[in-house]
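Peer 1: Sequence:
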Amino acid sequence: MKNLFFATLVSTTLASLAFAEPYQVQQGLDKIKTNFENSKANKNEYDKNLNIVNTNITEISKAKAAVIKQKNDVGTEIVKNNESLKKVLVQEKEIQAYIKAEEDKVAAESKQVEQLEGLIAQIKKNREQRANIIANYQEQLRTATDEKVAWKAREGELRTQEGETIKVIRGVASEEASWTNRKKGYEIEVKRWSAEAEKQQKIFDTYQGLKEEK
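My numbering puts the first residue of the sequence shown at 1, with every later residue one more than the last.
No lab work stands behind these hints, which were simulated from the structure alone. Cβ coordinates follow ideal geometry from the N, Cα and C atoms, glycine included. No false leads were mixed into what you were given.
Mimicking SDA-like on lysine to any residue, the simulated pairs with C-alpha atoms at most 20 Å apart in a straight line are:
{"#": "1", "residue 1": "K64", "residue 2": "E164"}
{"#": "2", "residue 1": "K48", "residue 2": "A195"}
{"#": "3", "residue 1": "K64", "residue 2": "T76"}
{"#": "4", "residue 1": "K152", "residue 2": "E164"}
{"#": "5", "residue 1": "K62", "residue 2": "N72"}
{"#": "6", "residue 1": "K80", "residue 2": "G156"}
{"#": "7", "residue 1": "K80", "residue 2": "T165"}
{"#": "8", "residue 1": "K125", "residue 2": "Q115"}
{"#": "9", "residue 1": "K86", "residue 2": "A150"}
{"#": "10", "residue 1": "K62", "residue 2": "I166"}
{"#": "11", "residue 1": "K48", "residue 2": "T58"}
{"#": "12", "residue 1": "K105", "residue 2": "N126"}
{"#": "13", "residue 1": "K167", "residue 2": "E77"}
{"#": "14", "residue 1": "K202", "residue 2": "Q24"}
{"#": "15", "residue 1": "K43", "residue 2": "K191"}
{"#": "16", "residue 1": "K43", "residue 2": "I203"}
{"#": "17", "residue 1": "K87", "residue 2": "A150"}
{"#": "18", "residue 1": "K86", "residue 2": "K152"}
{"#": "19", "residue 1": "K33", "residue 2": "K202"}
{"#": "20", "residue 1": "K69", "residue 2": "V172"}
{"#": "21", "residue 1": "K80", "residue 2": "Q161"}
{"#": "22", "residue 1": "K148", "residue 2": "L158"}
{"#": "23", "residue 1": "K71", "residue 2": "L158"}
Here are the in silico distance ranges between beta carbons for each label pair:
{"#": "24", "residue 1": "N126", "residue 2": "N72", "range": "51 to 61 Å"}
{"#": "25", "residue 1": "D205", "residue 2": "A65", "range": "41 to 51 Å"}
{"#": "26", "residue 1": "I52", "residue 2": "T143", "range": "55 to 65 Å"}
Put together the whole structure using the sequences plus the hints.
Peer 2: As structure tokens, then:
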């Protein structure tokens with residue numbers, strides 16, 4: 001960045017400059033011109049920096065929006081996953097109730113065998129049938145258990161993914177704040193150097209007029 005070269009003629013009045021030697025007026029004019037050119041160069045540099053910051057902030061905002069959308073999508077999947085898990089849990093309870101009911105019937109019929117010898121054959125047949133039913137329910141229960149494990153595992157994966165997206169959002173928000181702070185600083189510098197350039201332009205024009213009068 002170019003440094004601003006301040007003129008040392010501030011304490012000299014315009015009246016005294018009017019009677020100064022030509023080479024002194026030219027020397028002062030050259031210094032003021034240098035200050036003016038440096039001010040313009042500084043303003044241009046900060047303008048470029050401000051444009052870069054604005055571009056970065058725009059890109060970060062886009063990335064942030066994409067990550068937030070991804071998080072929302074994951075949240076939707078978690079809700080769907082929980083609904084499916086609830087259905088499996090309800091089904092599991094129903095199957096367990098069916099098994100319990102059948103087991104109770106088997107126990108009751110076993111007692112009937114001891115009490116009613118005449119019904120042993122029929123009761124045994126019933127037991128066999130109910131054993132098959134229980135086996136079928138047991139198979140359904142194993143299937144439901146496997147599904148439950150799978151849904152719980154998927155929930156864990158989704159929770160992990162959700163945590164990762166939250167971390168990304170925090171990182172993006174931090175970077176956005178950093179660039180925003182830089183933007184404010186550059187805006188202040190642009191304003192300051194714009195004013196300085198305008199001031200130096202006025203001084204330059206004044207001394208230029210003195211030179212022409214000479």
